[in-house]
Amino acid sequence: MIGRPPWQRWFAILLAFAAIVAFDTDDARAEYGDVVINNYSDAAGMRPAIFPHWFHRVRFRCKVCHADLGFKFKAGGNEINMVKIIDGQFCGACHNGELAWSVENCNLCHSAKPGTPTQVHESTIQKLAPAALQKK
Amino acid sequence: MAWGDEWVSLRKDGIHDPRGPAVRVLQEPEVALSKLTPDTAGNMVRWVQSLEKGEINPRANLRPDTKIRLYESDVLLNLKGGMPIVRFPHRQHTLWLDCTNCHDHLFKAEAGATKFSMLKILEGEQCGVCHGAVSFPLTECFRCHSVARPGDGKPRPSLPIAIPAGAVPPK
Chain A
16 MIGRPPWQRW FAILLAFAAI VAFDTDDARA EYGDVVINNY SDAAGMRPAI
66 FPHWFHRVRF RCKVCHADLG FKFKAGGNEI NMVKIIDGQF CGACHNGELA
116 WSVENCNLCH SAKPGTPTQV HESTIQKLAP AALQKK
Chain B
78 MAWGDEWVSL RKDGIHDPRG PAVRVLQEPE VALSKLTPDT AGNMVRWVQS
128 LEKGEINPRA NLRPDTKIRL YESDVLLNLK GGMPIVRFPH RQHTLWLDCT
178 NCHDHLFKAE AGATKFSMLK ILEGEQCGVC HGAVSFPLTE CFRCHSVARP
228 GDGKPRPSLP IAIPAGAVPP K
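Line by line, the protein sequences are chains A and B. Quick note on the numbering used here: the first sequence kicks off at 16 and runs consecutively. Quick note on the numbering used here: the second sequence kicks off at 78 and runs consecutively.
If you are wondering where the hints come from, they were derived from the structure by calculation, not from laboratory data. Small disclaimer: the values here were computed from a predicted structure and weren't measured. One thing to keep in mind: the hints can contain errors.
[What the hints assert, rightly or not] Sample of chain B residues facing chain A (criterion: CB under 10 Å; computed from the structure):
hint	residue
1	P135
2	R140
3	N178
[Said to hold, decoys possible] With a straight-line Cα cutoff of 20 Å, these simulated SDA-like cross-link-like pairs (lysine to any residue) come out:
hint	chain 1	residue 1	chain 2	residue 2
4	A	K87	B	D181
5	B	K144	B	N178
6	B	K130	A	K89
7	B	K185	A	A82
8	A	K128	A	L143
9	B	K144	A	A108
10	B	K112	A	F70
11	A	K128	B	R101
12	B	K144	A	P129
13	A	K128	B	Q104
14	B	K197	A	Q134
15	B	K130	B	P115
16	B	K89	A	P129
17	A	K89	B	E200
18	A	K128	A	A59
Using N, Cα and C, we set each Cβ at its ideal position, and we do this for glycine too.
Using the sequences and the hints, build the whole thing.
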């Protein structure tokens with residue numbers, strides 16, 4: 016581009032920039048605090064479950080689930096299964112058809128892309144040091 | 078999103094299966110979160126302010142016999158470090174959480190008895206159990222490190238995490 020008039024150079028830069036904007040498809044970004052739980056789902060032929068913290072904390076304080084219902088602060092660390100949920104434990108304390116939708120609506124929770132691993136999405140460590148997270 | 082747009086729609090967020098039925102039924106983050114006090118990080122919501130202003134009114138218990146405990150004392154931490162002192166407000170934390178969520182398995186209930194480490198926090202332990210996962214992220218250094226040391230001058234503005242060496246002149 017050396018030797019071309021400046022406007023042409025600027026036009027080329029602008030075109031390159033526009034191309035990046037137009038073709039940048041890397042816009043996937045789960046909401047901060049979204050948890051995917053895939054302890055058993057893939058193996059059972061179900062989509063993994065997604066727990067959106069943002070949706071639930073508008074309606075409930077953290078302690079409702081993390082103190083009263085006994086959810087540990089660890090994605091995938093709670094040994095949740097459908098029998099326990101139907102029995103009223105964990106998610107089943109609300110997802111019983113009275114406070115929130117019941118277990119018949121499988122696909123509303125089991126809504127992740129197949130193969131999505133268990134993790135808290137958009138966590139600081141995931142964004143700043145994904146390699147360190149894999150080592151853990 | 079690539080340009081820091083505030084909330085991505087569920088069918089484009091990279092985790093929801095756009096072919097499944099849920100993306101047509103579930104509430105979009107933007108619908109709920111755009112009405113709340115805005116922030117520049119995390120969910121782009123100032124959750125504590127939103128709660129205090131009454132924009133949201135999350136339930137504190139499911140069972141009627143659950144004791145709701147609010148504790149209001151502040152604790153100053155990191156008294157000897159190089160960063161500004163940390164003011165930990167119990168009030169904002171117990172609006173959301175119960176004492177047993179942190180005491181004593183994460184922190185001993187005695188000021189100075191727990192050794193803190195930013196490395197542990199960044200790895201998701203101690204404060205990092207929540208901060209960096211659901212409550213404001215660990216890039217917001219000066220929200221916790223908020224109290225200037227004596228002789229430190231004005232409190233520092235909120236800065237992004239990477240402060241180049243030499244940018245702050247030695248005292």
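**Item:** Violating hint indices (sorted, rising)
**Value:** Hint check: 6, 8 and 12 fail, others pass.
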